[in-house]
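**Student:** Using the sequences and the hints given, assemble the complete structure.
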Amino acid sequence: MTHNSKEYEHAHEHEHEHHHEHAHCCEHGHEHEHEHEHEHEHHHHHEEGGVKETLLKIDIATVLLVAAVLIEKRTEWAEWQYLLLYLLPYLVVGWDTLKEAGEALLHGEALDENFLMSIATLGALTIGFLPGAETQFPEAVFVMLFFQVGEMFESIAEGRSRRSISHLMDIRPDTANREENGAVVAVPADSVHPGDILIIRPGEKVPVDGTVLSGDSSLDTVALTGESVPRGIHSGDEILSGCVNLSGVLRVRADKAAGESTASRILELVEDATERKSRSESFITRFARIYTPIVVALAVLLAIIPSLITGAWATWIYRALMFLVVSCPCALVISIPLTFFGGIGGASRKGILVKGSAFLDTLSRVQTVVFDKTGTLTEGVFTVTAVHPETLDQQELLHLAAHVERHSTHPIAAALRAAYPNEQDACEIEDIREWAGMGLTGRVNGKQVAVGNDKLMETIGADWHPCELKGTIIHVAVDGVYQGHILISDQVKADAAQAIRDLHAAGIRQTVMLTGDQEDIAAAVAREVGMDAWHAALLPEGKVQQVENLLPQGTLAFVGDGINDAPVLARADLGIAMGALGSDAAIEAADVVLMDDKPSKVAQAVRIARRTLRIARENMVFAIGVKLLVLVLAAFGVATMGMAVFADVGVTMLAVLNAMRALR
34 MTHNSKEYEH AHEHEHEHHH EHAHCCEHGH EHEHEHEHEH EHHHHHEEGG VKETLLKIDI
94 ATVLLVAAVL IEKRTEWAEW QYLLLYLLPY LVVGWDTLKE AGEALLHGEA LDENFLMSIA
154 TLGALTIGFL PGAETQFPEA VFVMLFFQVG EMFESIAEGR SRRSISHLMD IRPDTANREE
214 NGAVVAVPAD SVHPGDILII RPGEKVPVDG TVLSGDSSLD TVALTGESVP RGIHSGDEIL
274 SGCVNLSGVL RVRADKAAGE STASRILELV EDATERKSRS ESFITRFARI YTPIVVALAV
334 LLAIIPSLIT GAWATWIYRA LMFLVVSCPC ALVISIPLTF FGGIGGASRK GILVKGSAFL
394 DTLSRVQTVV FDKTGTLTEG VFTVTAVHPE TLDQQELLHL AAHVERHSTH PIAAALRAAY
454 PNEQDACEIE DIREWAGMGL TGRVNGKQVA VGNDKLMETI GADWHPCELK GTIIHVAVDG
514 VYQGHILISD QVKADAAQAI RDLHAAGIRQ TVMLTGDQED IAAAVAREVG MDAWHAALLP
574 EGKVQQVENL LPQGTLAFVG DGINDAPVLA RADLGIAMGA LGSDAAIEAA DVVLMDDKPS
634 KVAQAVRIAR RTLRIARENM VFAIGVKLLV LVLAAFGVAT MGMAVFADVG VTMLAVLNAM
694 RALR
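Taking our numbering, the leading residue of the sequence shown gets 34, the next gets one more, and so forth.
Among these hints, one or two may not hold up.
With a straight-line Cα cutoff of 30 Å, these simulated BS3-like cross-link-like pairs (lysine-lysine) come out [unchecked claim]:
id: 1; residue 1: K388; residue 2: K85
id: 2; residue 1: K90; residue 2: K132
id: 3; residue 1: K132; residue 2: K388
id: 4; residue 1: K631; residue 2: K503
id: 5; residue 1: K106; residue 2: K90
id: 6; residue 1: K85; residue 2: K132
id: 7; residue 1: K383; residue 2: K85
id: 8; residue 1: K631; residue 2: K383
Quick list of simulated restraints, FRET-style, between CB atoms [unchecked claim]:
id: 9; residue 1: S381; residue 2: G658; range: 29 to 35 Å
id: 10; residue 1: E561; residue 2: L662; range: 55 to 61 Å
id: 11; residue 1: E574; residue 2: G658; range: 46 to 52 Å
id: 12; residue 1: G378; residue 2: V333; range: 39 to 45 Å
These are computed hints drawn from the structure, not numbers from a lab. In this text, a Cβ means the ideal position worked out from N, Cα and C, and glycines have one as well.
**Tutor:** So this is what it looks like as structure tokens:
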């Protein structure tokens, strides 16, 4: 028996069975779908609400600030009265920032940008009460306003946080059919115990892992392995939960409880992986964590040391506060999120959806790219790739096979019909019979034709021989005599090899392929596209394990498309889903979604991310450079608070203009 035929047992299901299975799945999935839509709406409204609320605060604060400036120009009030007047817009726009800064300090967390903004603006509000110092109320409100504008852009650019996707991955059936005292009773799947005898009919999902006691069938394993060719299953074989039984009735002994079975473990893997993956911190937070403590320490030193020497406390405290206002990372806090916003916008125009700025940052640092095989590097659609006849000609062999397969809905049957499109001719076809897990037989123009795997050939006594090529082999016999075989395989995508070359050219250290498929088929595809390494015959948890082994070697991106890829997408540093044909679960678990199914888009996404990060760094160098200049002037008393605010706001405007380049 060949390696292939063992793995890819050829099986069939008839049209009505196919519909039955579909109806069965829909029934279970319907209420979940409804729940999901409801939750989806709720999240969407919540997110929109946050941006609208910030925008409203900014609008109100701006109106109050303008009013306060006009009142100040036309009145002669005491300092504290003006302070109260400016506190209104300041608190409207800055309350959240002050609260977050306070909470962070209470929890003993490192100083962040909220703390820096708070201390600089509170300093500007109170400095006017020092002898010989001027009031800086409008500046304080203005700085806080700008900070909020930056935060708002960031929250718009941030993608929706991914939600639990367990209800999308509806691979666990709700009920199981258990044999009790000679009768078959439907019981909740959770109540199945090891040792129970279950009956699984065509179209039903397998509720728990077990062993087949009797019956032959074929299983749709796509939810577990992503492979679209059904697997044959026979008495004595192990059967995994989450598969769909396609053709025959199976009597199965349960080996595990529902909670320990394969389908349950996959759902847990997805939920755990999302939590275990440390959220890539946003660029600005990482920067502020280093920058803020340094600036605050320098400001404190600037206020105390010269004051102790000269005794001019008001002057030096004023300079220290000015130092804080200048060093306030306003330009960075606005221009960097805007740069990311531009990068995300530019990528989406190319059909690459990035779910948030943190993921763009991660994408720019990727060193290892791991691909799923079926549907990602290959088309996931089966086509006839070779015909090896014995005595008949190629067309005649295809003609006979296509006729026998005329009414089957199986992917292999579809491939045979596509290879011989004019099978609706005047030939007489009768007695079509299905052999579960093996193939079909039928009479074509009076000849007895058998189309199937090596087991079927052995059953009818035809002397078959293996094929040297890799793929699914369909043998054909006429009147019990072997007439040759047809090779059906999954086509590698046209741009797959180019995609791997582009990634290597972009400096990606290694490319790896993971698949649920068999070793020989995996090796052939991996060599054809130029992979550095590959691992075959993996279930979803095997894929997660391989990714965890690779994670220490540098930032890792995983590219996949099926339900079975969801746990790995969630576990990798960065999950990239192929959108158009991908499953909902994969798209939901991913951080980046490619709207079409071209693997070459991965290299393009990496290039866009790196360019965006380059622009962000330019802004950082420029903003810090100008600030350092003004800080030196402030320390020597040359700069005024007005200059300080201009250095902040002017730099911000220029940085924002530079950030707009990321959109292109």
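**Student:** Each hint should be assessed against the structure and marked as holding or not.
**Tutor:** Outcome of the hint check:
1. About 20 Å separates the Cα atoms of K388 and K85, which keeps this hinted pair within 30 Å; it holds.
2. At most 30 Å may separate the alpha-carbon atoms for a hinted pair to count; K90 and K132 meet this at roughly 15 Å.
3. Our distance criterion of 30 Å between C-alpha atoms is met by K132 and K388, whose separation comes to about 27 Å.
4. Only pairs whose Cα atoms come within 30 Å are accepted, and K631 paired with K503 is accepted, the gap being roughly 24 Å.
5. With a C-alpha separation of about 24 Å, the suggested pairing of K106 with K90 holds against the 30 Å cut-off.
6. Only pairs whose Cα atoms come within 30 Å are accepted, and K85 paired with K132 is accepted, the gap being roughly 20 Å.
7. Straight-line distance between C-alpha atoms of K383 and K85 comes to about 28 Å, which keeps the hinted pair within the 30 Å bound.
8. For a cut-off of 30 Å, the pair hint linking K631 to K383 stands: about 12 Å separates their Cα positions.
9. Against the hinted window of 29 to 35 Å, the Cβ-Cβ separation of S381 and G658 comes to about 32 Å, which satisfies the hint.
10. One distance hint, 55 to 61 Å for the beta-carbon pair E561 and L662, holds here, with the actual separation near 57 Å.
11. Remark: the range hint 46 to 52 Å for E574 to G658 is upheld by a beta-carbon distance near 51 Å.
12. For the pair G378 and V333, the supplied restraint of 39 to 45 Å holds, since their beta-carbon distance comes to about 41 Å.
Of the numbered hints stated above, none is contradicted by the structure.
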